[in-house]
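Asker: In case you want the letters, here they are:
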Amino acid sequence: MTVDTIGRFERALEGLEVGVERVAAAEASERIDAVADAPAVGAALPYEDVSLPKAVTTEPTTAELEAARTGVTPVGFAIAEYGSVAVESTADGAEPIAVYPDRHVAVVAESDVVPNLSAGFDRLADGFEAGRDSVVFATGRSATADMGDLVHGVHGPGEVHVIVLEDR
Amino acid sequence: MAQRTRSERAERIRHLLETEGPAIHAQASASNDRRKETYGGTDDLEALRADARTIKEDAIERLPELIETVRAAVEANGGTVYVADDAADANAYVADVVESEAASGADIDAAAAEPSVVKSKSMTTEEIDLNDGLEEAGIDVTETDLGEWVLQVADDTPSHIVGPAMHLDRGQIADLFNERFDPDEPFETAEELTRFARDHLGEIITEADVGITGANFVVAESGTITLITNEGNARKCAVTPDTHVAIAGVEKLIPTLSDLEPFVDLIAKSATGQPISQYVTMLSPPTDSPTLDFESPDEPITGGDGPDAADGTGDPDRDFHLVLLDNGRTDMREDDQLRETLYCIRCGACSNSCANFQSVGGHGFGGETYSGGIATGWEAGVHGQDSAAEFNDLCTGCTNCVDACPVKIDIPWINTVVRDRINRSGDTESYDFLVDGLTPDEEGSGLDPGKRFFGNIGTVAKAASTTAPVSNWLADAGPVRAALEHTLGIDRRRDLPTFRRESLVDWFEERGGEAASSQRAARAARAGGGEIDREVVLYPDVYTNYVDTERGKAAVRTLEALGVPVRVPDLPESGRAALSQGMIATADRQASRLFGALAEVLDAGRDVVVIEPSDLAAMHREYERLLPERSFDRLRESSYEICEYIYGLLENGAEPSALSTGAGAEPVAYHSHCQQRTLDLEAPTVAVLERCGYAPETSDAECCGMAGSFGYKQEYYDLSMDVGERLATQVEDAETVVASGTSCGDQLEALLEREVPHPIELLAPGHSRR
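If you read the sequences in order, they're chains A and B.
For the first sequence, numbering that gives the first Met the number 0 begins at 0 and goes up steadily by one.
For the second sequence, numbering that gives the first Met the number 0 begins at 0 and goes up steadily by one.
Among the hints, erroneous ones may be present.
[To be verified] Covered by chain B, according to a simulated footprint, are these stretches of chain A (three or more residues, beta-carbon under 8 Å):
# : stretch
1 : 17-28
2 : 94-105
3 : 112-125
4 : 130-139
5 : 146-155
6 : 160-166
Hints listed in this document are in silico derivations from the structure and should not be mistaken for laboratory results.
We treat Cβ as the ideally placed atom computed from N, Cα and C, and that holds for glycine.
The shape of chain A in the complex, shown without the other chains (with noise of 0.2 Å):
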């Protein structure tokens, strides 16, 4: 991972429409807090010393789920060539939070972030290897063109936030 990799990743974002911030660790409950919609859903972060603001439900019901506006999630990894988020399918539930509430908050660590679909099918193969094989890549916002015209936010998330944790 270099600089130019963020970067990269970055650009890819804003093409997509989708906001991204650089946040060190320690400030980045506190940015979560401010990008989070309330009501916020979320499953744990498992980056050291970064923890989910109290505002972000864990281990929601459905009904929490249902109402959410946003929901927070870790990423596995991140591809900066297509401004794309690993979701991968955890026992917390990252996959129904990061897929049903209005507005997705992903977190990644810059570490994390790596340069193109190549490098990312080696981090998917390493994941699939520890049992971790269930993933999405989701890339900006949900999107249909079947009503007649562009519209987003469709089934999933009109809305995508990326904090990169700049120190992770």
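Assemble the complex: chain A is given as a structure, and chain B must be docked to it using the hints.
Answerer: Leaving out everything else, chain B in the frame of chain A:
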């Protein structure tokens, strides 16, 4: 075959041109433009296409083994694999799964209700009419892809493999929804319609017993199904209900995870021109995601037992069934000609790149399930030849789809092969007596007389030339046109070619043959100082020889002026005309004869120069299937398109001043030929025109619509003109319009009502402005 008559077909096509064509054209052409742009910006595109092709070839070769591999992998994950022989088998299995899930999962109240299924988009389930099958079993089915749902509400069928409701525009969908759902405020915008659909379907998804998805790819070694979507409905259908059923044709299997990479990279690019689709969902179910029980709103979603990390079998509440569908695919795999169809990744690029498809959509250019160029292979394989026969003629063999297909399937060839098989299975009433003396072909007696006529056009042209101008007067007479329309299906609105009494070959002999040509070339070489040691055999294709002799003469004069002696021998037909009618045996014989006639020319080191791009395309593409490899290579390496050859001469020192040059940046509109573009031979013509003082502007219309004999046919005349209009609009403002193909030129002349010569006529010495 219970097929429509010519006039019924013509009527059906006219109807589609008016009703569905505009919406289809808007979307399909936009997707195609984006695809071209994205392909152009992808550096390793050719490597990706080659990789994808190799992986599919290998996977289909190893299919029986991959089925066993995926069975083991899915079972190890805790799921089930079922291989269904046909539609009925698959539908019965899925209905069973749904019924037992609904019975076991629900409380007593809910058990009384209809079991319910939510589905994401899947052409394979369209192929087996799964919805009908489930509904007959008393199961409630809801499509959640917005396009599919619109069709379900409208009780309509898909018109495009990727965009199933492409034939409906926003206004039509709004009308449909306002009538069906009677909202307080009528729907107007796409945004409002989408919002309503999201909420309506979202609720149905949360209540469903079973989620059914297709699969774009299935990774055998890990039991991973891959879904390529933009909306997110497939993710919801897979994660929400306890039970997930994925239905895929057996051809979707690929061996390993790393084999998936080129497909993920390619499929959105080829389908819609997106770099990657929104959601590439790769699931190895049953997954670890908790099941979502919306009937217990206050239970945490993580409340169940959770996955057992030790055995890697996912959440124990989850149930997964992979249904692999055969339905004719095993037979396709064993069919040397149809096998390639199984490499198809259903991206729809062949539809989007096809001029005829853009005009009529999949309800015209499609069979029971599939649409577009590749549909001929799919329909013949899974539904039978009769379904393919309904629309197969809409493939004109233009080859636009060849560069679009991400797995490099020779789609025009599949269409030719199936046309040949349809010809041979025919029992049409015979007008053979009309064309008998004219048709020394290799085909059986059931062949449509119109096809037989156009497939033997060389023999027809020779006879007509011999009797010209009487044959021309006769052909223009009203009663004759009526008879031609009735028997051969030649539309009477179409101008017929005027056959020349003096063929190009005769003209060439008359002016002194090769001896005189050598002298002229030598004189030009002395005058111009250039010394180019080449000799050309100019191929007198049927149209150049008997109809459009002027472009042949222009080619001879141009070559001589650049110091190259020319020969114009009487050579056999290339087989292009026969191929376009699906007469492969005839084309095969013609290819052998032409190669035989040229073998000495090639051994003598002469160059074969071809004016008509479609004849050159036969030599460079189809001959690979008709000639021994060495013969094919020898001819291909020594044969050139005329302007490509002129370009080579100019690059090697020949002087453009010997030619008729433009005033310097003189504007010219240039329409290349579809097959010429596929051979990457548009650029040399452009370069030659530029070097000779012209500023060519190239058309980017997909096709002229004429496509050899296609535009002559009564049932396709209107479609041909619809496609041609798009091209005419692009070039009509130019003072000079040139086109490389005979039929492109004929079509443009009919639409623009002025002369449209071949570029070589502009360049030939002594050319005077028309």
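Asker: Determine for every hint whether it applies to the structure shown.
Answerer: We went through each hint and held it up to the structure:
Residues of the stretch 17-28 of chain A lying with their CB closer than 8 Å to a CB of chain B number 0, which falls below the three-residue condition for coverage. Using a Cβ-Cβ cut-off of 8 Å, 4 residues of the stretch 94-105 of chain A lie near chain B, which meets the minimum of three, so the contact claim holds. Residue count for the stretch 112-125 of chain A with a Cβ under 8 Å from a Cβ of chain B: 5. That meets the three needed, and the coverage hint holds. Counting residues of the stretch 130-139 of chain A whose beta carbon lies closer than 8 Å to any beta carbon of chain B gives 9, which meets the minimum of three for the stated coverage.
Counting residues of the stretch 146-155 of chain A whose C-beta sits closer than 8 Å to any C-beta of chain B gives 9, which meets the bar of three, so the coverage hint holds. Residues of the stretch 160-166 of chain A with a Cβ under 8 Å from some Cβ of chain B number 0, which does not satisfy the need for three, so the listed coverage is violated.
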